[in-house]
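2 protein chains.
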Amino acid sequence: MFIYSNRFYIIMDLGDRFDLIKRNTSEIITEDNLKNLLSSGKPLSVYIGRAPTGSIHLGHLVALGKLFDFERASIKPKILIADLHAALDDLKSKWEELDKRVDYTKKCIELAFDWERTPEFVRGSDFQLSQAYVSDVLKLSTITTVEKALHAASEVTRMKNPKVSELIYPIMQSLDEEYLDVDIQLGGTDQRHIFTYAREYLEKLGYRKRVEVLTPLIASIRGPGTKMSSSVPESNIKIYDSEESVKKKIMNGYCPEGVVEDNFIIQLINFFILPNDGTFHIERDAKFGGNIDINSSEQLIKLYTEKKIHPLDLKNSVAENLIKRFKNARDYFERQTDLLEGLGKSFLPY
Amino acid sequence: MFIYSNRFYIIMDLGDRFDLIKRNTSEIITEDNLKNLLSSGKPLSVYIGRAPTGSIHLGHLVALGKLFDFERASIKPKILIADLHAALDDLKSKWEELDKRVDYTKKCIELAFDWERTPEFVRGSDFQLSQAYVSDVLKLSTITTVEKALHAASEVTRMKNPKVSELIYPIMQSLDEEYLDVDIQLGGTDQRHIFTYAREYLEKLGYRKRVEVLTPLIASIRGPGTKMSSSVPESNIKIYDSEESVKKKIMNGYCPEGVVEDNFIIQLINFFILPNDGTFHIERDAKFGGNIDINSSEQLIKLYTEKKIHPLDLKNSVAENLIKRFKNARDYFERQTDLLEGLGKSFLPY
Numbered sequence: 001m002f003i004y005s006n007r008f009y010i011i012m013d014l015g016d017r018f019d020l021i022k023r024n025t026s027e028i029i030t031e032d033n034l035k036n037l038l039s040s041g042k043p044l045s046v047y048i049g050r051a052p053t054g055s056i057h058l059g060h061l062v063a064l065g066k067l068f069d070f071e072r073a074s075i076k077p078k079i080l081i082a083d084l085h086a087a088l089d090d091l092k093s094k095w096e097e098l099d100k101r102v103d104y105t106k107k108c109i110e111l112a113f114d115w116e117r118t119p120e121f122v123r124g125s126d127f128q129l130s131q132a133y134v135s136d137v138l139k140l141s142t143i144t145t146v147e148k149a150l151h152a153a154s155e156v157t158r159m160k161n162p163k164v165s166e167l168i169y170p171i172m173q174s175l176d177e178e179y180l181d182v183d184i185q186l187g188g189t190d191q192r193h194i195f196t197y198a199r200e201y202l203e204k205l206g207y208r209k210r211v212e213v214l215t216p217l218i219a220s221i222r223g224p225g226t227k228m229s230s231s232v233p234e235s236n237i238k239i240y241d242s243e244e245s246v247k248k249k250i251m252n253g254y255c256p257e258g259v260v261e262d263n264f265i266i267q268l269i270n271f272f273i274l275p276n277d278g279t280f281h282i283e284r285d286a287k288f289g290g291n292i293d294i295n296s297s298e299q300l301i302k303l304y305t306e307k308k309i310h311p312l313d314l315k316n317s318v319a320e321n322l323i324k325r326f327k328n329a330r331d332y333f334e335r336q337t338d339l340l341e342g343l344g345k346s347f348l349p350y
Numbered sequence: 001m002f003i004y005s006n007r008f009y010i011i012m013d014l015g016d017r018f019d020l021i022k023r024n025t026s027e028i029i030t031e032d033n034l035k036n037l038l039s040s041g042k043p044l045s046v047y048i049g050r051a052p053t054g055s056i057h058l059g060h061l062v063a064l065g066k067l068f069d070f071e072r073a074s075i076k077p078k079i080l081i082a083d084l085h086a087a088l089d090d091l092k093s094k095w096e097e098l099d100k101r102v103d104y105t106k107k108c109i110e111l112a113f114d115w116e117r118t119p120e121f122v123r124g125s126d127f128q129l130s131q132a133y134v135s136d137v138l139k140l141s142t143i144t145t146v147e148k149a150l151h152a153a154s155e156v157t158r159m160k161n162p163k164v165s166e167l168i169y170p171i172m173q174s175l176d177e178e179y180l181d182v183d184i185q186l187g188g189t190d191q192r193h194i195f196t197y198a199r200e201y202l203e204k205l206g207y208r209k210r211v212e213v214l215t216p217l218i219a220s221i222r223g224p225g226t227k228m229s230s231s232v233p234e235s236n237i238k239i240y241d242s243e244e245s246v247k248k249k250i251m252n253g254y255c256p257e258g259v260v261e262d263n264f265i266i267q268l269i270n271f272f273i274l275p276n277d278g279t280f281h282i283e284r285d286a287k288f289g290g291n292i293d294i295n296s297s298e299q300l301i302k303l304y305t306e307k308k309i310h311p312l313d314l315k316n317s318v319a320e321n322l323i324k325r326f327k328n329a330r331d332y333f334e335r336q337t338d339l340l341e342g343l344g345k346s347f348l349p350y
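Protein sequences, first through last, are from chains G and Z. Per our numbering, residue 1 is the first one in the first sequence, and the count goes up by one each step. Per our numbering, residue 1 is the first one in the second sequence, and the count goes up by one each step.
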């Protein structure tokens, strides 16, 4: 098959397409289902949802960047801006603010990558209030126990004194697969309970179950026991944070020498930079071994655990990489401050 | 004020209207709110909802019959046939069956009383799937904890391994007050938790809280520890049950001599027959004291506790009363058996 990708033209067989989709994922539910889809010969599509609850940061970009592999494998990507889900998860997402949050989120996703074709964006509230959709929400709600829904949503919504909306959340996300008419859903591993709920329950309504593709989550900047949180500016890296701020956050990143476990810098390279760039270039003084190009996670892990690369060399190169990568975003938000107006302090560049 | 009622023409002042609404109720939330409504001079309306989950029986008629008092007090009655609520409460109400159940329920309510004007029926799914309504459902769901919703629905839905739908149930019932544009909701005392939830939460969306009027529930036919259930034909009296069946059920009714507590026959007269007829006529042999007309609950309770009326005399007259009252319904369902087709055994005349 001769297919167009956003990076190169290639002839790709079934195995190559499967491998392309599988690389840098943590799980595919199920690999057999995916193989069947690929061999069906039908045009395929994948979607990823982003509930605009807070600012867009590095943690969100791993799964989004994976869309390029789907495009390379001739699978059409859609991005759902799940505004109603944001409201369902977070009372602070005031309903009147959703328009602004949708615009902001879309713009950030556009600026975060070097898209050749702008991906198709769909806004949740544009179809999730239709009679057919709502009827299906009610139908699923009659066969989903409170216990089951709590479990499905447990790693995604806040779950602090849970609200009824948090139980509606996974029900709606399942139906999105059907109503967006996609074959595959893509998301971080925190989505696993919702994904398996969707597979089990869509079939009960007579819809087909989808293939679910999960990507790993990047460890926290500040090491184990901490979290990347949109509402805590110093805990994440926004694509439009200042150069100084990016440098500082990377320099403070958890990166113990020789240890890859929970290593923020190593995971950032392996889960984000390498999948997107193919190569990671390290600049270093000749006396420390000179420049080096990393071409695979395995190579990086080997060199790092053998202490042949020093954390500081990694950090300098990562900071350089991110600053260069996000120049467009920084420039844009420097000019267009109105997009951030009224969204709260945590959205401002830091 | 000169007002039209379905029974008589009267001139009625505020106090009379209030007393008319209050009589035979178990609670009004709140009486002050009701007085304010009545004195506002605005045209007022009341609604009662019936989720068509099962057959219509005597237990459902107490609150419905109360609508006549509202009409007499110049308050326009509406009856909501809450088909989506039936589906939310009861998976066995298959979605495809809802049309049939709505027709059946409407017809039963029409036949159960001697309406001068057919009341206004509204079908739930006709407005509960609109975008505005659904948005409000989602909004309320974000501020209603699972715990609160479980409490609100606890005496109304099944609550056996509760489903998400049972938590959506009270949220929708609250919004019905707003979307039906009524001032008052009427229902049995089992609705109390939902009613108080509605008052508390409608205001949070900026809607006004309604007046809630509760009617007592008739004790079970077979005495304490049993229940009137639509799905158990011998536990209830349907309006189209055969004469023999009505007689037999009344004769077996729990009615200990001199004791009014949990007394099915006494409650049937006090909560249903007297409010609707104004008088209850007892036929009895001259040697037992001769015929007697009961004009108030107090009078009945006094005579009964003094053992001046024997259970058998009461039962005979009650059976007579019900058989006469429901003649139209029996005749109708004898001819129109297609209305019962496919609804299941518990709907058949017994």
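Hint data in this document are derived by calculation from the structure and do not stem from the laboratory. It is possible that some hints are incorrect.
One copy or two, it doesn't matter: identical chains are merged, so the pair holds either way.
[To be verified] Only pairs whose alpha carbons sit at most 25 Å apart, straight line, appear in this in silico PhoX-like list of lysine-lysine:
no., residue 1, residue 2
1, 148, 94
2, 345, 247
3, 247, 100
4, 139, 100
5, 76, 327
6, 139, 92
7, 204, 92
8, 204, 160
9, 78, 209
10, 106, 139
11, 148, 160
12, 22, 35
13, 42, 227
14, 42, 307
15, 209, 94
16, 78, 345
17, 248, 308
18, 160, 209
19, 247, 204
20, 287, 148
21, 160, 22
22, 324, 247
23, 94, 204
24, 94, 139
25, 327, 107
26, 204, 100
Homo-oligomer pair classification [residue 35, residue 22; C-alpha up to 25 Å]: So residue 22 and residue 35 pass the 25 Å test inside one copy only (11 Å; across, 69 Å).
Copy assignment of residue 42 with residue 307, given that the CA separation must stay at most 25 Å: neither (48 Å within a copy, 83 Å between copies)
Homomeric proximity label, residue 209 with residue 94: Cα distance no greater than 25 Å: Result: close only across copies, 23 Å inter versus 33 Å intra.
Same-copy or cross-copy closeness of residue 78 to residue 209 [CA-CA at most 25 Å]: Within one copy only: 18 Å inside, 43 Å across.
Status of residue 308 relative to residue 248 across identical chains (alpha carbons, at most 25 Å): Within one copy only: 24 Å inside, 94 Å across.
Intra- versus inter-subunit Cα pairing at 25 Å for residue 160 with residue 22: neither (34 Å within a copy, 42 Å between copies)
Intra- versus inter-subunit Cα pairing at 25 Å for residue 148 with residue 94: Classified as between; 22 Å across copies, 27 Å inside a copy.
Within, between, both or neither, where residue 78 and residue 345 count as close if Cα-Cα is 25 Å or less: Neither: 30 Å inside a chain and 49 Å across chains, both beyond 25 Å.
25 Å Cα threshold - placement of residue 160 relative to residue 204: between (30 Å within a copy, 20 Å between copies)
Same-copy or cross-copy closeness of residue 327 to residue 107 [CA-CA at most 25 Å]: So residue 327 and residue 107 pass the 25 Å test inside one copy only (14 Å; across, 70 Å).
Within, between, both or neither, where residue 94 and residue 204 count as close if Cα-Cα is 25 Å or less: Between copies, since 14 Å is at most 25 Å while 34 Å is not.
Intra- versus inter-copy proximity for residue 92 and residue 139 (alpha-carbon distance at most 25 Å): Between copies, since 12 Å is at most 25 Å while 28 Å is not.
The structure does not agree with the numbered hints 3, 5, 13, 14, 16, 18, 19, 20 and 21 stated previously, though it agrees with the rest.
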